[in-house]
Structures are given as structure tokens and as C-alpha cells.
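If you read the protein sequences in the order shown, they are chains Z and F.
1 is the number of the first residue of the first sequence in my numbering; add one for each residue after it.
199 is the number of the first residue of the second sequence in my numbering; add one for each residue after it.
There could be a bad hint or two in this list.
Simulated pairs of lysine to any residue, SDA-like, Cα-Cα distance not exceeding 20 Å [stated by the list, open to error]:
| no. | chain 1 | residue 1 | chain 2 | residue 2 |
| --- | --- | --- | --- | --- |
| 1 | F | LYS243 | F | ASP254 |
| 2 | F | LYS243 | Z | CYS82 |
| 3 | F | LYS243 | Z | PRO41 |
| 4 | F | LYS283 | Z | GLY159 |
| 5 | F | LYS243 | Z | THR40 |
| 6 | F | LYS283 | Z | ARG157 |
| 7 | F | LYS243 | Z | GLN86 |
| 8 | F | LYS283 | Z | HIS160 |
| 9 | F | LYS243 | Z | GLY96 |
| 10 | F | LYS243 | Z | LEU42 |
| 11 | F | LYS283 | Z | GLU97 |
| 12 | F | LYS243 | Z | ASP83 |
| 13 | F | LYS283 | Z | GLY162 |
| 14 | F | LYS243 | Z | HIS160 |
| 15 | F | LYS283 | Z | GLU169 |
| 16 | F | LYS243 | Z | THR39 |
| 17 | F | LYS283 | Z | SER172 |
| 18 | Z | LYS80 | F | LYS283 |
| 19 | F | LYS283 | Z | GLU158 |
| 20 | F | LYS283 | Z | ASP166 |
| 21 | F | LYS283 | Z | LEU112 |
| 22 | F | LYS283 | Z | VAL94 |
| 23 | Z | LYS80 | F | MET199 |
| 24 | Z | LYS72 | F | LEU244 |
| 25 | F | LYS283 | Z | GLU95 |
| 26 | F | LYS283 | Z | GLY96 |
| 27 | F | LYS243 | Z | THR43 |
| 28 | F | LYS243 | Z | GLY81 |
| 29 | Z | LYS80 | F | LYS243 |
Now the in silico label distances, taken between C-beta atoms and shown as ranges [unchecked claim]:
| no. | chain 1 | residue 1 | chain 2 | residue 2 | range |
| --- | --- | --- | --- | --- | --- |
| 30 | F | ARG507 | Z | THR47 | 35 to 45 Å |
| 31 | F | SER412 | Z | GLU110 | 30 to 40 Å |
| 32 | F | ARG462 | Z | CYS178 | 21 to 31 Å |
| 33 | F | ALA262 | Z | SER163 | 31 to 41 Å |
| 34 | F | LEU393 | Z | ARG177 | 40 to 50 Å |
| 35 | Z | GLY162 | F | ARG292 | 15 to 25 Å |
| 36 | F | MET533 | Z | ASP164 | 19 to 29 Å |
| 37 | F | SER412 | Z | THR47 | 38 to 48 Å |
If you are wondering where the hints come from, they were derived from the structure by calculation, not from laboratory data.
For glycine and all other residues, C-beta sits at the position ideal for the given N, C-alpha and C.
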Amino acid sequence: MNECAVDRRTVIATGAVLAASLSLGSAPAGARASMDTRTTPLTRDITLSVNGTDHAIRVDTRMTLLDALRDKLGLTGSKKGCDQGQCGACTIHVEGERHLACLTLTVAVEGLHITTVEGLAEGESLHPMQQAFIDHDAFQCGYCTSGQIMSAIACVREGHAGSDEDIREYMSGNLCRCAAYPNIVAAVNQAKNEMERG
Amino acid sequence: MRPFAYERPTDAATAVALASVPASAHVTAPVQYKGGGTTLIDLMKLDVMQPTTVVDITAIDDEAMHRIVPSDEGLRIGSLVTMAKLHADPSVVRDYPLLTESLWQAASQQLRNMARLGGNVLQRTRCLYFRDTSYDQCNKRVPGSGCAALDGSNRGHAVLGTSDQCIALYPGDWAPALVALDARVEVLGRTGKRLIAFADLHRLPGTTPHIETSLSPGELITAFIVPGGPRRRSLYRKIRDRESYAFANASAAVAIELDGRTLRDVRIGLGGVATIPWRAHRAEGMLRGQELTEANARAAAEAEFGDARTREHNGYKVVLGKATMVRALLDAQAMEVPR
Numbered sequence: 001m002n003e004c005a006v007d008r009r010t011v012i013a014t015g016a017v018l019a020a021s022l023s024l025g026s027a028p029a030g031a032r033a034s035m036d037t038r039t040t041p042l043t044r045d046i047t048l049s050v051n052g053t054d055h056a057i058r059v060d061t062r063m064t065l066l067d068a069l070r071d072k073l074g075l076t077g078s079k080k081g082c083d084q085g086q087c088g089a090c091t092i093h094v095e096g097e098r099h100l101a102c103l104t105l106t107v108a109v110e111g112l113h114i115t116t117v118e119g120l121a122e123g124e125s126l127h128p129m130q131q132a133f134i135d136h137d138a139f140q141c142g143y144c145t146s147g148q149i150m151s152a153i154a155c156v157r158e159g160h161a162g163s164d165e166d167i168r169e170y171m172s173g174n175l176c177r178c179a180a181y182p183n184i185v186a187a188v189n190q191a192k193n194e195m196e197r198g
Numbered sequence: 199m200r201p202f203a204y205e206r207p208t209d210a211a212t213a214v215a216l217a218s219v220p221a222s223a224h225v226t227a228p229v230q231y232k233g234g235g236t237t238l239i240d241l242m243k244l245d246v247m248q249p250t251t252v253v254d255i256t257a258i259d260d261e262a263m264h265r266i267v268p269s270d271e272g273l274r275i276g277s278l279v280t281m282a283k284l285h286a287d288p289s290v291v292r293d294y295p296l297l298t299e300s301l302w303q304a305a306s307q308q309l310r311n312m313a314r315l316g317g318n319v320l321q322r323t324r325c326l327y328f329r330d331t332s333y334d335q336c337n338k339r340v341p342g343s344g345c346a347a348l349d350g351s352n353r354g355h356a357v358l359g360t361s362d363q364c365i366a367l368y369p370g371d372w373a374p375a376l377v378a379l380d381a382r383v384e385v386l387g388r389t390g391k392r393l394i395a396f397a398d399l400h401r402l403p404g405t406t407p408h409i410e411t412s413l414s415p416g417e418l419i420t421a422f423i424v425p426g427g428p429r430r431r432s433l434y435r436k437i438r439d440r441e442s443y444a445f446a447n448a449s450a451a452v453a454i455e456l457d458g459r460t461l462r463d464v465r466i467g468l469g470g471v472a473t474i475p476w477r478a479h480r481a482e483g484m485l486r487g488q489e490l491t492e493a494n495a496r497a498a499a500e501a502e503f504g505d506a507r508t509r510e511h512n513g514y515k516v517v518l519g520k521a522t523m524v525r526a527l528l529d530a531q532a533m534e535v536p537r
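Next comes chain Z alone, as it looks inside the complex:
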């Protein structure tokens, strides 16, 4: 697995930084006075609760939840599209709310319950939203699909799936470059009825 490496810019910039003597989190005590936080990665040991399982991991403070899920826990269902909070492919649930994992620091979600697309099915039985996406062919390439499904489930729970218009508005944070939008709306409508019955 890939420990978050120091990026090239940081190495290049090593000579031109200001050292602020601040509290340094989990840095070794002896290094506190001189450590430059701009060049020395800082790590934390945390427990991440994902899909009902606690994972003890060590993370760089910079690591996004998306990278932690994919690279530390091997949960590659959440996708990295833009990595800038613009496409929605990384949508996951934090305490049941839809959030973007690419703009979430892993250290900031310690103690919170995270759900990813891998946590939806019960055994072989798919979540109604997953089944609806299959039934309505609500994808082509599939890259945005896990984000679409996570977003759609939250959309229904929020009560924002009352009409096709509402679904389109409240799903607008999930882009689909294959433009499967009509099928996605149909899938959300089908799953909505099943989720409300169930």
C-alpha cells in the first residue's frame, strides 16, 4: 500500500519556507521546536469506522478520506474523478449524510460512521438503489455509478426525490459524462418506492 509520499512541489520548496513554532499534533516530542510542518509529513494513529467495521490505521494528516478508503482499506468502490469536489464520483455517507470523500480529511472523520458503496448490500442481496440502477441501465461506463448510488440513497432519505425535477436538482452534484441522466432519474424513482415501502 502506498503511504502518502511527499510531493514534488514540497521537496522543491524546502528551502523557501517559514518555520512557525506551533503545536505539532502527534509529532515526536523531541522534534517540536525545530520541525517544519511544511516539509515533514505528520501522521496520526486513528480508528476509522467504515461499513460497521473499525479499522486502526496510521494516516498522514493530508490524506483524504477517499485515498484512505481506496489505498489503506482497499475499498475501491468510491471513485476519484476530479479530486476537487466537482464531480461527485467519491460520494460517501458520513453519519448518513452524503459527503465528498475527496474534500474530507481522514483525521477529521475519526469517530464518525462512514458508509461506502461496499456497505450497501446485505450478503448477496443488493440495496434497492443498486438493483434499480441495474434494472434501468442507469450507467454506461460505470465510473460515476457508486457515487450516483450513494447520492441517490441520501436524496431519497432527505425527502428530495418527490418529483423528477427534484431528483434532477438534488442529484446535480453527480456528473455523468455518459449522460445516463434519464435512466438515473428512473432508477431513483423505482428505488424510492421500494425504500419507502421497506
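Following the hints, position chain F against chain Z.
Frame of chain Z; chain F shown alone:
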């Protein structure tokens, strides 16, 4: 992203103590607050912001920062309330439509679940020359380096409140509503709390576009106070390139009170056209006490944009900005307002 220390204090005073370090401006301070992180983490990935310490304020255990409370002094909105929470609050939806419409028309639900209102008003410009460090010229990012937008791709840049040093647009939707309502901002610093007018929070770029707000390094927004009671005849109109999940090409937050057709009170905040959340004082002055007709609204819009300065690609914002303001006023007049 550059390495940084991460702190997560549980009280506001500790957060302020951690963040009160010498710096030339709030936005360039080496210690930055993180609420939802939707601006900060994005800009840290781009290397535009380079804090050495990130102070996560979401765990601050101060009820008043997490709540929406109507009170005698006005509606008090804690700075850690999420965009989603406010736009879903039934009493705010009923009493302050401009405060909630401007929120659900901003961003996506995922971002609205994450972003806190304190950070929302401080979101930084989308100017591509600011966001892309491969451009050498950006007075906001590197003071004194010049402005690549002046003669660059400036379709999304401001026409009001600009300077020769910066034409970066203030991109937010909620702030124009706050500025229209004479909101106040409660700020916590090392010496205690102070109240500032929302209109004084954002600074015109002038010759110092890197100083974006009147906050001192370490000052923490703790709440917004909206005085004057319910504004049921109010709304937000936003025009954008696509129908949802896009920044404004032009927008208008409007709150009016009518006596027949006469405007007893009129408040107008403009978005998508200016370097700061723009209060349309000149238009308001022309309309207050007058009949609200399309002709009067047009004349007021004409006057408000009289000083607009356009560049090669953003001339359309003057036309669109005026039309959006007129439409918002007429739509507010036509609203069926519950008693």
C-alpha cells in the same frame, strides 16, 4: 499538498489561541480554520493556500455556534450551521426566503452538507489565474505580481468594485442576501467578541487584493445576526450557465415591503457581478418610496451599473446583471406572501 499539523479543539477560545499568529492577512495566515473544508482542502491541493496548521473547528462544543435561533435582536445563525441545515429549516424558509433560496441554489447537496456558513461567506474567488499557480501573475495570490485576468480569459470576472490590480469575482450566493439585510457578524478574537456589519466584512480589492476581509488573523466568525424580523416578501434569482450546480453569471437577492404598489422598503444584494457581495445602494435609493414598476426598476438597475467597468469577455454581465435585478424585484412584487 504540503504537510500540516492538525488540531481539533473542542472550545472556541482554544481555537482562537491556536490561530492567533502573526500574518499579513487572515487568508494568508499560517494557521487556518477548517469547517467543512470545501474551499480550504481544495485550495491546499492546488497549493494556493499553504497553512502549516489546520484548526478543525467542527468539534467546538458551543451550542450557539451550531444553532439557528430567532431572538429579539434578530435571527441568530451559528457559524457552524451547515448550508443544508439552514436551507431545510422550515421557519427560515417561511420567514426569510432569500436566505434559503440563495443556499439551495448554491453548490450541490454533498457540498451543502459539509460546508459551514462561516466558511461559506469566506469562500474564495474562482478566478482561474488565482486557482492555478502555474500563472505567475495574480495580485491576490502573490501581491505585486500583476493580474493575468485583466487581459486574459475574463468572462467570469467582476464588473463592479474592480481595481487595476484585481477583477476577481466574489462567487458566493448567500453573502448577497446577508448584505441586503444589514446582517451583522459576530467575531471572536483573543480579546473577546466583537460585532461587525456584514457589509464591512469583505474588502474591495483596491491596491491590496490579497487582503480580502476585515478579519484579523485568528479571528473566528461565531455567528450571523439578521436584524429586523421576517422578510417574507424576499427571494433570490440566479442566472447560470447550467440550471443547477454552477456559479452565478448574475444574481440578485431582494427583500421588499409594499404599501400597495409603493416600495416602503427595498433591499438589493447582487452576486456574480462584483468583487464583493454587492449592496445596490444607488438602486435602493432611487426606488425607496416610489412605485415599483418595470420602468422604475430598469432605471434603478441602469444607475446601479452606471460605474461598471468591463473587460474583453465580461460585458454581458452588465446586461444580465441589470435584467436579473429587475426580474428579482418584479418577481418579489408578484409573490403571494403568507400572512
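Each hint tested on the structure:
Straight-line distance between C-alpha atoms of F:LYS243 and F:ASP254 comes to about 17 Å, which keeps the hinted pair within the 20 Å bound. Using a Cα cut-off of 20 Å, the hinted pair F:LYS243 and Z:CYS82 holds, with the two alpha carbons roughly 12 Å apart. For the given pair, F:LYS243 sits about 15 Å from Z:PRO41 by alpha-carbon distance, which is consistent with the 20 Å threshold. Under the criterion of a C-alpha separation no larger than 20 Å, the hint pairing F:LYS283 with Z:GLY159 is consistent with the structure, at around 14 Å.
The hinted pair formed by F:LYS243 and Z:THR40 meets the criterion: a straight-line CA distance of about 16 Å does not exceed 20 Å. Distance hint between F:LYS283 and Z:ARG157 is fulfilled; the C-alpha atoms sit about 15 Å from each other, no more than 20 Å. With a C-alpha separation of about 14 Å, the suggested pairing of F:LYS243 with Z:GLN86 holds against the 20 Å cut-off. Restraint check for F:LYS283 and Z:HIS160: the C-alpha separation of about 14 Å stays at or below 20 Å, so the hint holds.
For the hint linking F:LYS243 to Z:GLY96, the alpha-carbon distance of about 26 Å lies beyond 20 Å, and the restraint is violated. Distance hint between F:LYS243 and Z:LEU42 is fulfilled; the C-alpha atoms sit about 16 Å from each other, no more than 20 Å. With a CA separation close to 11 Å, the supplied pair F:LYS283 and Z:GLU97 stays within the 20 Å bound. A C-alpha spacing of about 9 Å is found between F:LYS243 and Z:ASP83, which places the hinted pair at or below 20 Å, so the restraint holds.
With a C-alpha separation of about 19 Å, the suggested pairing of F:LYS283 with Z:GLY162 holds against the 20 Å cut-off. Only pairs whose Cα atoms come within 20 Å are accepted, and F:LYS243 paired with Z:HIS160 is rejected, the gap being roughly 32 Å. With a CA separation close to 17 Å, the supplied pair F:LYS283 and Z:GLU169 stays within the 20 Å bound. Between F:LYS243 and Z:THR39 the alpha-carbon distance is near 15 Å, which keeps this suggested pair within the 20 Å criterion.
Of the pairs offered as hints, the one joining F:LYS283 and Z:SER172 holds, with about 18 Å between alpha carbons and a cut-off of 20 Å not exceeded. Only pairs whose Cα atoms come within 20 Å are accepted, and Z:LYS80 paired with F:LYS283 is rejected, the gap being roughly 27 Å. The hinted pair formed by F:LYS283 and Z:GLU158 meets the criterion: a straight-line CA distance of about 11 Å does not exceed 20 Å. Proposed proximity of F:LYS283 and Z:ASP166 is supported: the alpha carbons are some 18 Å apart, at most 20 Å.
At roughly 18 Å between alpha-carbon atoms, F:LYS283 and Z:LEU112 fall within 20 Å of each other, so this suggested pair holds. For a cut-off of 20 Å, the pair hint linking F:LYS283 to Z:VAL94 stands: about 15 Å separates their Cα positions. For the suggested pair Z:LYS80 and F:MET199, the alpha carbons sit about 16 Å apart, so the restraint of at most 20 Å is met. For the proposed pair Z:LYS72 and F:LEU244, the alpha carbon gap of about 23 Å is over 20 Å, so the pair is violated.
For the hint linking F:LYS283 to Z:GLU95, the alpha-carbon distance of about 14 Å falls within 20 Å, and the restraint holds. With a C-alpha separation of about 14 Å, the suggested pair F:LYS283 and Z:GLY96 falls inside the 20 Å cut-off, and the hint holds. For the given pair, F:LYS243 sits about 18 Å from Z:THR43 by alpha-carbon distance, which is consistent with the 20 Å threshold. Pair hint F:LYS243 plus Z:GLY81 holds up; C-alpha atoms about 15 Å apart against a cutoff of 20 Å.
Between Z:LYS80 and F:LYS243 the alpha-carbon distance is near 14 Å, which keeps this suggested pair within the 20 Å criterion. The beta-carbon spacing between F:ARG507 and Z:THR47, approximately 55 Å, falls outside the hinted interval of 35 to 45 Å. Between F:SER412 and Z:GLU110 the Cβ separation comes to about 35 Å, which falls inside the hinted range of 30 to 40 Å. One distance hint, 21 to 31 Å for the beta-carbon pair F:ARG462 and Z:CYS178, is violated here, with the actual separation near 53 Å.
Taking 31 to 41 Å as the suggested C-beta distance range, the pair F:ALA262 and Z:SER163 conforms, at roughly 37 Å. Look at F:LEU393 against Z:ARG177: about 47 Å separates their beta carbons, and that is inside 40 to 50 Å. For Z:GLY162 paired with F:ARG292, a C-beta distance near 19 Å keeps the hint of 15 to 25 Å intact. For the pair F:MET533 and Z:ASP164, the beta carbons lie near 25 Å from each other, so the given range of 19 to 29 Å is met.
F:SER412 and Z:THR47 have their C-beta atoms about 41 Å apart, which keeps the hinted 38 to 48 Å range intact.
The structure fails hints 9, 14, 18, 24, 30 and 32 (numbered hints given earlier, in ascending order).
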